[in-house]
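Take the given structure of chain H and dock chain P to it, following the hints.
Chains H and P supply the protein sequences, listed in that same order.
Residues in the first sequence are numbered from 1 upward in steps of one, following this note's numbering.
Residues in the second sequence are numbered from 1001 upward in steps of one, following this note's numbering.
If you're looking for bench data, these hints aren't it; they were derived computationally from the structure.
Fair warning: this is a prediction, and the values are worked out from it, not measured in the lab.
Among these hints, one or two may not hold up.
[Stated by the list, open to error] Each computed DSBU-like pair below joins lysine-lysine, with the alpha-carbon atoms no more than 35 Å apart:
#	chain 1	residue 1	chain 2	residue 2
1	P	Lys1424	H	Lys68
2	P	Lys1653	H	Lys92
3	P	Lys1172	P	Lys1213
4	P	Lys1629	H	Lys92
5	H	Lys35	P	Lys1424
6	P	Lys1469	H	Lys18
7	P	Lys1464	H	Lys27
8	H	Lys92	P	Lys1633
9	P	Lys1081	P	Lys1171
10	P	Lys1426	H	Lys35
11	P	Lys1426	H	Lys92
12	H	Lys18	P	Lys1464
13	H	Lys92	P	Lys1359
14	P	Lys1424	H	Lys92
15	P	Lys1559	P	Lys1642
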Amino acid sequence: MARILIVDDDQTIGLMLKDILEFSDHKVTVSQQPKLTKENILQHDIELILLDKLISGVDGTDVCAELKSDEEVAHVPIIMMSALHNVGDLCKSVGAVEFIPKPFDMETLLNRVSEVLAKDKSGESTRS
Amino acid sequence: MSMDKEMRIKQLEEDLQRAREKIDELETANIKFEAKTNRSLSNNIFDLKESVIDNIHHPLVILDDKLKVVFANKYFLKTFKISSEEVQDTLIYEVKAAQWDIPQLKTVLETILPSNSRMTNFEMQVEGNGGTEKHLLLNASEIQLSGTDSNFILLSIENITKRKIAQNNLKKSQQQFRDLFYSTTSLIAIFHGPDHVVDMANDAIVKVWGKGKTVIGKPIVEILPEIEDQGLVDLLNRVYSTGEPFHAVEKPIAFNIDGVIEERYFDILYQPQRDSNGNIIGVANISSDVTKQALLNKQIRKSETDFRQLVNFMPHKISIAGLDSKVKFYNQSWLDYVGLNLKEFLERPWLDIIHPEDKERVSNEVALHLSNGESLETEIRLLNKKGDYLWHLCRSNPLKDVDGKIYSWLTSSTEIHKLKDDEKRKESFLRLVSHELKTPVTSIKGYIQLLQSILPENVETDSKNIPVKPYLHRIESQIERLIRLISEMLDLSRIEQNELILELSDFQLNEQIETVVEDLSFSYREMQIDINHMDQISVNADRERIGQVITNLITNAVKYSPDAKKVSIRIFKTDENQAAVSVKDYGIGIALQEQQQIFKRFYRVSGNKDETYEGFGIGLYLSNEIIEKHQGKIVVKSEPGKGSEFTFILPLK
Chain H
1 MARILIVDDD
11 QTIGLMLKDI
21 LEFSDHKVTV
31 SQQPKLTKEN
41 ILQHDIELIL
51 LDKLISGVDG
61 TDVCAELKSD
71 EEVAHVPIIM
81 MSALHNVGDL
91 CKSVGAVEFI
101 PKPFDMETLL
111 NRVSEVLAKD
121 KSGESTRS
Chain P
1001 MSMDKEMRIK
1011 QLEEDLQRAR
1021 EKIDELETAN
1031 IKFEAKTNRS
1041 LSNNIFDLKE
1051 SVIDNIHHPL
1061 VILDDKLKVV
1071 FANKYFLKTF
1081 KISSEEVQDT
1091 LIYEVKAAQW
1101 DIPQLKTVLE
1111 TILPSNSRMT
1121 NFEMQVEGNG
1131 GTEKHLLLNA
1141 SEIQLSGTDS
1151 NFILLSIENI
1161 TKRKIAQNNL
1171 KKSQQQFRDL
1181 FYSTTSLIAI
1191 FHGPDHVVDM
1201 ANDAIVKVWG
1211 KGKTVIGKPI
1221 VEILPEIEDQ
1231 GLVDLLNRVY
1241 STGEPFHAVE
1251 KPIAFNIDGV
1261 IEERYFDILY
1271 QPQRDSNGNI
1281 IGVANISSDV
1291 TKQALLNKQI
1301 RKSETDFRQL
1311 VNFMPHKISI
1321 AGLDSKVKFY
1331 NQSWLDYVGL
1341 NLKEFLERPW
1351 LDIIHPEDKE
1361 RVSNEVALHL
1371 SNGESLETEI
1381 RLLNKKGDYL
1391 WHLCRSNPLK
1401 DVDGKIYSWL
1411 TSSTEIHKLK
1421 DDEKRKESFL
1431 RLVSHELKTP
1441 VTSIKGYIQL
1451 LQSILPENVE
1461 TDSKNIPVKP
1471 YLHRIESQIE
1481 RLIRLISEML
1491 DLSRIEQNEL
1501 ILELSDFQLN
1511 EQIETVVEDL
1521 SFSYREMQID
1531 INHMDQISVN
1541 ADRERIGQVI
1551 TNLITNAVKY
1561 SPDAKKVSIR
1571 IFKTDENQAA
1581 VSVKDYGIGI
1591 ALQEQQQIFK
1601 RFYRVSGNKD
1611 ETYEGFGIGL
1621 YLSNEIIEKH
1631 QGKIVVKSEP
1641 GKGSEFTFIL
1651 PLK
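Chain H on its own, in the form it takes in the complex (with noise of 0.2 Å):
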């Protein structure tokens, strides 16, 4: 179980990955305003974020870039989503970590979460 946080202007798309996260026990918030994202990951302790890249005229790429370059919430694992072509190189090179094209299957959904999930973990742990 974790807590996530989802940035997406899509209401449907957000309400659909809240639901798929829930059944798979995470604990999960979503927000349609990419400028708020700090504030969200600090209020509910935030452990991974999935975050789109075209927000309602923000770009997630530059979200991503300052979070990453913010000392208090450059730790949480970011994992960037777009329904654009070829997009995946340029946001892992701002900082997420991974980078799932939509759409997407719900099983590769939840695998790349546990596994950033796992690995950040296995992180901590040897940051400690």
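This is chain P only, laid out in the frame that chain H set:
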């Protein structure tokens, strides 16, 4: 004939003349002497004569009436290399001497001299020693010496072989000159005097004048009155008066041939003729008829003008550059675009008007293009007179001569700015469409898969006996289909933009095919898809794209096999360097004439019942593009009614 030979002949003739004058003098002296002394011949007188004759530089002998040598002068002895004793009292034709053993001479002297003791300039050709040709000139006159009853003959025998040969050579040379003059196709005439009277005119020029053969001795203006108005007589006058030669190329001259004006073209040289004192005595006209060439040149010039006008009228910007890549010509469209005249624009380096961001790329492309000699096609932003950079499609081709050697570069630039804008808008529209379509699809797919996962594994229906799971499965397969269609649409746009970029990696072809088939078998449950792994093959390729090709081939196989239930896949190596994957179906097949068409965009095979089949008709086009990008190829074997087999071949490293 050389001056040398002429001089020698002249010298010989003068010598001979002097000899004759001496003989005449001698005879006169003799007569005077006889009259004066009226005495019989005394030895003294004879001695005097002998001494006179002796001093003549000319071979002379005095013979008695039996043709015996009475006296031979020094020059005779010297010429014929013989001593006085060997000659004295010997018959003239029996005189033995190296230069003087001529049997024919005897005959001549025996037959002519006794009956006719005078002989003037009798030339004879005899065969000399060693069969060489020899020419002799004989002169004989009877001399009567008073006080004697005997008749004497004064004979001069001159070897004129050298002079004769020189004369013959002169004749031959004159003949050659005449032959040349008359037979050459060059037009030659020599005019004499201020009225340009025709002195000589060869057949060629007489024919061109077209006024018959009687031209010699007539002034040129009388023969060709039509040339006066054309300024030719003035030209001849000028050459005659100034001594400056006149030269013209492709000069048109109109002749009046039996009332018909005929214009011809000539390369002309009017050359002044001078006498030995350097005074101008006439003008030589040496010309050639270049009518054919001139007409051709005229045609070429006209065609060149037409071409230039055409090039200037074109909306495309045309330029021609030399081998040094320096531009030599810009057409009017170019000049209008940049707002400069030709001279100003030529002075400006062409890189100046290229967008700063394009400069380096274009320089490299041009350098490569110049070095490999291949055509270049590139898109460049070019600066116009308003200061805006507009997109142009530039095509450059080498111009080659008949030997295939490049001599310049022809570049045509077409403004594609609007097109480029449209393309950009279309591309961003397609990206937007694809993005917008994928967003709801993502939610639908997510929920279907969530629902499927919520329902227990072994339960196919819900509590009211409704087959929920099969229904969900059908929805899911249709969603997959929708996703494929969206991807194809975007891929098509990418191929058109040349943006289909491969992401190469090493992977197991067999595994990838297994995965694709596994995914597809959920969608095509009623279809049996067999895989025959004939070889295990690892390839370096774009895994997703290869998967896409296999998916396409299998979906096509299923789509066009409405009544068949089987698709067979084979994975094998055709040889060490090639991997092949074939997908065989047992469906409607493809007629031979359609087999090449199917790789074209939007082409769809029509079924035997005029059925329509799902899809955009771009699956095979995309697959073919993807495989070609991998340097591979797709081949098809098919027979209508029996099925088709598509095989794609990938090169192995």
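Results of checking the hints against the structure:
1. Our distance criterion of 35 Å between C-alpha atoms is met by Lys1424/P and Lys68/H, whose separation comes to about 33 Å.
2. This hinted pair checks out: Lys1653/P and Lys92/H have alpha carbons roughly 30 Å apart, not beyond 35 Å.
3. At most 35 Å may separate the alpha-carbon atoms for a hinted pair to count; Lys1172/P and Lys1213/P meet this at roughly 26 Å.
4. Between Lys1629/P and Lys92/H the alpha-carbon distance is near 26 Å, which keeps this suggested pair within the 35 Å criterion.
5. Only pairs whose Cα atoms come within 35 Å are accepted, and Lys35/H paired with Lys1424/P is accepted, the gap being roughly 30 Å.
6. The straight-line distance between the Cα atoms of Lys1469/P and Lys18/H is roughly 22 Å, inside the 35 Å bound, and the hint therefore holds.
7. Between Lys1464/P and Lys27/H the alpha-carbon distance is near 33 Å, which keeps this suggested pair within the 35 Å criterion.
8. Annotation: proposed proximity of Lys92/H to Lys1633/P holds, straight-line Cα distance about 34 Å (limit 35 Å).
9. Distance hint between Lys1081/P and Lys1171/P is fulfilled; the C-alpha atoms sit about 32 Å from each other, no more than 35 Å.
10. The hinted pair formed by Lys1426/P and Lys35/H meets the criterion: a straight-line CA distance of about 31 Å does not exceed 35 Å.
11. Among the hinted pairs, Lys1426/P with Lys92/H is consistent with the structure: their alpha-carbon atoms are about 28 Å apart, no more than 35 Å.
12. As the CA atoms of Lys18/H and Lys1464/P are separated by approximately 29 Å, the hinted pair is consistent with the 35 Å bound.
13. Among the hinted pairs, Lys92/H with Lys1359/P is consistent with the structure: their alpha-carbon atoms are about 32 Å apart, no more than 35 Å.
14. At roughly 26 Å between alpha-carbon atoms, Lys1424/P and Lys92/H fall within 35 Å of each other, so this suggested pair holds.
15. Taking the CA atoms of Lys1559/P and Lys1642/P, the gap is near 15 Å; set against the 35 Å cutoff, the hint holds.
The earlier numbered hints are all upheld by this structure, with none contradicted.
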